[in-house]
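Enquirer: These are the residues of each chain, in order.
2 protein chains.
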Amino acid sequence: MSTLSFKCYVEVPAGSLDNNKADIDRLNHAITEIAGVPHIEWPLGLILEAASVLRETAGKVTVAGSIVRETLIVCGIEPGDTSRRNYGIAVDIGTTVVAVELIDLITGESLATFGEVNGQAGYGEDLLTRLHFAGQSCSETLTGVLRATINGLIEQACASAGISPTEVMAVAVAGNTSMAHFFLGLNPAVMRFEPYIPSINHIPRLRAKDVSLITSPNATVYVFPSVGGYFGGDLISGAIASGIAGGEGVSLLLDIGTNVEAILGNKEWMVAIAGSAGPALEAGVADCARRAEPGAIERATIDPATFEPTYSAIAGAPAYGFCGSGLIDLVAQLYLSGLLDPTGRFVLDKKTARWREINGRMSYVLAEGANGQTPTYITEKDIHNLLTTKAAMIAATTILINSVGVALEDIEHIYTAGSFGIHIDVDSATTIGLYPKLPKERFITLGNGSLAGARAILLDAERIAEAEHIADTITYLELNVHPEFMDIFRSARYI
Amino acid sequence: MSTLSFKCYVEVPAGSLDNNKADIDRLNHAITEIAGVPHIEWPLGLILEAASVLRETAGKVTVAGSIVRETLIVCGIEPGDTSRRNYGIAVDIGTTVVAVELIDLITGESLATFGEVNGQAGYGEDLLTRLHFAGQSCSETLTGVLRATINGLIEQACASAGISPTEVMAVAVAGNTSMAHFFLGLNPAVMRFEPYIPSINHIPRLRAKDVSLITSPNATVYVFPSVGGYFGGDLISGAIASGIAGGEGVSLLLDIGTNVEAILGNKEWMVAIAGSAGPALEAGVADCARRAEPGAIERATIDPATFEPTYSAIAGAPAYGFCGSGLIDLVAQLYLSGLLDPTGRFVLDKKTARWREINGRMSYVLAEGANGQTPTYITEKDIHNLLTTKAAMIAATTILINSVGVALEDIEHIYTAGSFGIHIDVDSATTIGLYPKLPKERFITLGNGSLAGARAILLDAERIAEAEHIADTITYLELNVHPEFMDIFRSARYI
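In order, the protein sequence lines correspond to chains A and B.
Using my numbering, you'd call the opening residue of the first sequence number 64 and step up by one each time.
Using my numbering, you'd call the opening residue of the second sequence number 64 and step up by one each time.
No wet-lab data here; the hints were simulated from the structure.
Treat the hints with care, since some could be wrong.
Just so you know, same-sequence chains aren't split out, so a pair can sit in one copy or run between any two.
Distance condition first, Cα-Cα at most 20 Å in a straight line; then the derived SDA-like pairs of lysine to any residue [claimed, not checked]:
{"id": "1", "residue 1": "272", "residue 2": "106"}
{"id": "2", "residue 1": "123", "residue 2": "258"}
{"id": "3", "residue 1": "123", "residue 2": "146"}
{"id": "4", "residue 1": "272", "residue 2": "104"}
{"id": "5", "residue 1": "272", "residue 2": "107"}
{"id": "6", "residue 1": "272", "residue 2": "111"}
{"id": "7", "residue 1": "330", "residue 2": "540"}
{"id": "8", "residue 1": "330", "residue 2": "529"}
{"id": "9", "residue 1": "123", "residue 2": "73"}
{"id": "10", "residue 1": "503", "residue 2": "185"}
{"id": "11", "residue 1": "272", "residue 2": "108"}
{"id": "12", "residue 1": "500", "residue 2": "471"}
{"id": "13", "residue 1": "414", "residue 2": "185"}
Generate coordinates for the entire structure from the input sequences, incorporating the hints supplied.
Expert: In C-alpha cells form, the structure reads like this:
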C-alpha cells in the first residue's frame with residue numbers, strides 16, 4: 064500500500080573517478096530501487112533543482128514521487144531528510160460547495176477540513192445557468208473562480224495545520240462531470256445538447272501547476288474519471304469510499320441532490336443510474352430550505368394528538384429554516400400524524416393553530432421566528448417537490464434492481480452519500496419512500512462520500528486502479544430517458 | 064520502424080446515446096489501436112485543444128505522437144488530414160558550430176541543412192572559458208544564446224523548405240556533455256573539477272517548450288545520453304550513425320577535434336576513450352587555420368623535386384588559409400618531400416623560395432595572398448600542435464586496442480567523424496600517423512556523425528534503445544589519466 068505521493072530520503076554515494084555516473088543518474092538508481100519500479104520520469108524544472116540540491120547537500124536529499132504504472136514520476140526534491148513531512152489534499156468540487164481536506168500521508172490523520180461556497184455561484188446558483196454562461200465563451204472565468212475557491216481552501220487548511228502549501232505533493236480531486244471539466248479548463252457547455260457527451264472521462268495524471276494550484280508546483284494531481292454527463296467522478300469517488308466494488312454481497316449506493324445517482328453492485332458487476340431529480344433538496348428551493356449549517360432545523364417530530372411540533376437545530380443555534388434531513392422528518396411526521404394525505408395534500412380538517420396562510424399559501428408552521436423574524440413553515444408545493452425527488456429515487460432504485468434481477472431484500476448494505484445524507488433519519492426517509500424499506504442496520508452513512516473517496520486514494524494509490532476499473536466497466540443507465548422511468552415515476556409520486 | 068514522431072489521421076465515430084464515451088476517450092481508443100500501445104499520455108494543453116478540434120471537425124483529426132516505452136505521448140493535434148506533413152529536426156550542438164537538419168519524416172528526405180557559429184562563442188572561443196563564465200552564475204546567459212542559435216537555424220531551415228516551424232513535431236539533439244547541459248539549462252561548470260562528474264547523463268524525453276524551441280510547443284525532444292564529462296552524446300550519436308554497435312566484426316570510430324574521442328567495438332562489447340587532444344585542428348589556432356568553408360585550402364601536394372606546392376580551395380574560391388584536411392595534406396607532403404624531419408623540424412638545407420620568415424618565424428608558404436593579402440603559411444609551431452594531436456590520437460587507439468586485446472589489422476572498418484574528417488585524405492592522415500596504417504578501403508567517412516546519428520533517430524525511433532544501451536554498457540576510459548597514456552604519447556610525437 065503506497066500513498067498517492069510518497070517520499071524517500073536517500074544518501075546518494077558521492078561521485079568519484081571510479082564511480083563516475085552522473086549525479087542525477089546515481090540518484091535515479093537509488094530511488095528506483097527503493098520505489099521498486101524500473102522507470103523514472105522527471106519534469107525538466109525538477110532536474111534543474113536536483114542538480115543544485117544534490118551538490119549543495121552532498122547527495123543527502125528527499126525525493127517525492129508517485130507511481131503511475133511502472134514509472135516513478137518525481138513530484139519534488141528537497142534538501143536533507145523531509146521524509147516525515149508528506150501531505151496530501153483531497154478535494155470535493157460540489158456545484159454548491161467545495162470541500163478540501165488536508166491529510167498527513169505519514170500518519171493517515173486528517174489535519175483539517177474546510178468547505179466554502181463554490182466561487183462559481185456568483186455566476187449562477189444552478190449548474191444550467193453556469194453552463195449557459197460558459198457557452199458564451201465565459202468558461203475560463205468559471206475555471207478561474209473555481210480554482211480560486213480551491214486554492215483559498217488549501218491555504219486555509221494548510222495555515223490551520225501550520226504547514227506550507229508547497230509541502231503538499233499529492234492532490235486527489237472528485238467532482239461531477241461538469242465540475243471536472245471546469246477544473247481542467249475544459250468548457251462543459253457542450254454537454255448541454257444531445258447526445259450529452261463530455262469532452263473527456265478518463266483524465267491523465269496532472270501536475271499542480273497545470274491547473275494553477277498553490278501546492279508544490281509539480282505535485283501529482285489525480286482526478287476521478289467520469290462515466291457520462293450526469294455521472295461524474297464524485298460518484299465514482301463515493302463508490303471507492305463505500306468499498307462497494309470489493310464486496311461479495313450486493314450493495315446499493317444512493318446519492319441524492321439535484322440529481323439522483325445510484326450504484327448497485329458487488330465485486331463482479333456494477334450498474335449505475337443517474338438523472339435529474341428535481342430541486343427539492345437544494346437549499347433555497349423551498350422558502351425555508353437552508354444548507355446544513357448552525358440554526359438549520361435537522362430533526363422534527365409532530366405529536367399525533369396535539370399536532371404540535373418539536374424540533375432541534377444544528378449546533379443548538381436559534382432555529383430558522385430546515386436542511387434536507389429536517390424537511391424529510393417534517394414530511395414524514397405530517398403524514399404519520401394524519402396532517403398529510405398520501406397524495407401530498409394537507410388534511411385541513413384536522414384543526415391546529417399551526418395551519419397558517421403565509422404569502423398567500425396555506426402552510427404548516429414548524430417554528431415561530433425568533434425576535435419577530437419569519438417563521439419556518441412548509442407548503443404543499445414544497446412537499447410536492449420532495450415527492451418528485453422521492454419518485455425519481457424510487458424509479459432509479461427500481462430500474463437498477465430490475466435491470467439485474469436482484470431482490471430488494473438481498474441488498475446487503477445501503478450506503479448514503481451527499482452532504483445532507485449525513486443527517487437524514489432513516490425511519491423518516493423510509494416512511495416517505497425516499498429510501499427503500501429495508502432494516503435500519505443495513506444503512507450506512509458515508510457523509511461526503513466524494514471527499515472520503517479522494518482521501519482513500521491519497522492514502523492508498525493502488526485504489527486508483529479500482530476507480531478506473533469501476534468507470535470502465537460499470538453499466539450506466541440514463542434515468543430520464545429510460546423507458547420504464549415515466550411509469551414508475553408517476554406511480555411513485557405518492558407517499 | 065517508426066519515426067520519432069508519427070502522425071495518424073483518424074475519423075473518430077460521433078458520440079451518440081448508444082456510444083456515449085467522451086470525445087477524447089473515443090479518440091484515445093482509436094489512436095492507441097493504430098499505434099499498437101496500451102497507454103496514452105496527453106499534456107493538459109493539448110487536451111484543451113483536442114476538445115475544441117474534435118467538435119469543430121466532427122472528429123476528423125490528425126494526431127502526432129511519439130512512443131516512449133509502452134506509452135504514446137501526444138505531441139500535437141490538428142484539424143483534418145495532415146498526416147503527410149510530418150517533419151523532424153536533427154541538431155548537432157558543437158562547441159564551435161551548431162548544425163540543424165530538417166527532415167521530411169514521411170519520405171526520409173533531407174530538406175535543408177544549416178550551420179552557424181554557436182552563439183556562445185561571444186562568451187569565449189573555447190569551452191573552458193565558457194565554463195568559467197558559467198561558473199560565475201552566468202550559465203543562463205549561455206543557455207539562452209545557445210537556444211537562440213538553434214532557433215535561428217530551425218527558422219532558416221523551415222523557411223527554406225516552406226514549412227512552418229510549428230509543423231515540426233520531433234527534435235533529436237546531439238552535443239557534447241557540456242553543450243547538452245547548457246541546452247537543458249543545467250550549469251556544466253561543476254564538471255571542471257575532480258571527479259569531473261556531469262549532473263545528468265541519461266536525459267528524459269522533453270517537450271520543445273521546456274527548452275524554448277520554436278517548433279510545435281509539445282514536439283518531442285530526444286537528447287542523446289552522455290557517458291562522462293569528456294564523452295558526450297555527440298559521440299554516441301556518431302556511433303549510431305556508424306552502426307558500429309550492430310556489427311559482427313570489430314570497428315573503430317574516430318572523432319578528432321579539440322578532443323580525441325574513439326570507440327572500438329561490435330555488437331557484443333564497446334570500449335571508448337576520450338580526452339583532450341590539443342587545439343591543432345581548431346580554426347583560429349594556427350595563424351592560417353580556418354573552418355572548412357569556401358576558400359579554405361583542403362588539398363595540397365608538394366613536388367619532391369622542386370618543392371613547389373599545388374593546392375585546391377573549397378568551392379574553387381580565392382584561396383586563403385587551410386582547413387584541417389589541408390593542414391594534414393601539407394604536413395604529410397612536407398615530410399614526404401624531405402622538407403620536414405620526423406621530429407617535426409624544417410629541413411632548411413633543402414633550398415626553396417617557399418621558406419620565408421613571417422612574423423619573426425620561419426615558415427613554408429603554401430599560397431601567396433591574392434590581391435596583396437597575407438599568404439597562407441605554416442610554422443614549426445603549427446606542426447608541433449598537429450603532432451601533439453596525432454600523438455594523443457595514437458595513444459587513444461593503442462590504449463583501446465590493448466585494453467581488449469584486438470589486433471590492429473583485425474579492425475574491419477574505421478569510421479571517421481567530425482566536421483573536418485569529411486575532407487581528410489586517408490593517405491596523408493596515415494602518412495603522419497593520425498590514422499592507423501590500414502588499407503584505405505577500410506576507412507569510411509561519416510561527415511558530421513553527430514548530426515547523422517540524430518537524423519537516424521528521427522527516422523527510426525527504435526534506435527533510441529540502441530543509443531541508451533551503448534551509453535549504459537560502454538566501457539569508458541579517460542585518456543589523460545590513463546597510466547599508459549604518457550609513455551605512448553611521448554613516443555608518438557614524431558612522424
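Enquirer: Decide, hint by hint, whether the structure agrees.
Expert: Results of checking the hints against the structure:
1. 272 / 106: The answer is both: 12 Å in one copy and 12 Å across copies each meet 20 Å.
2. 123 / 258: between (55 Å within a copy, 18 Å between copies)
3. 123 / 146: within (12 Å within a copy, 48 Å between copies)
4. 272 / 104: both (17 Å within a copy, 17 Å between copies)
5. 272 / 107: So residue 272 and residue 107 pass the 20 Å test inside a copy (14 Å) and across (11 Å) alike.
6. 272 / 111: The answer is both: 17 Å in one copy and 15 Å across copies each meet 20 Å.
7. 330 / 540: within (19 Å within a copy, 58 Å between copies)
8. 330 / 529: within (10 Å within a copy, 44 Å between copies)
9. 123 / 73: within (6 Å within a copy, 49 Å between copies)
10. 503 / 185: neither (40 Å within a copy, 81 Å between copies)
11. 272 / 108: Classified as both; 12 Å inside a copy, 12 Å across copies.
12. 500 / 471: within (9 Å within a copy, 91 Å between copies)
13. 414 / 185: The answer is neither: 44 Å in one copy and 98 Å across copies each exceed 20 Å.
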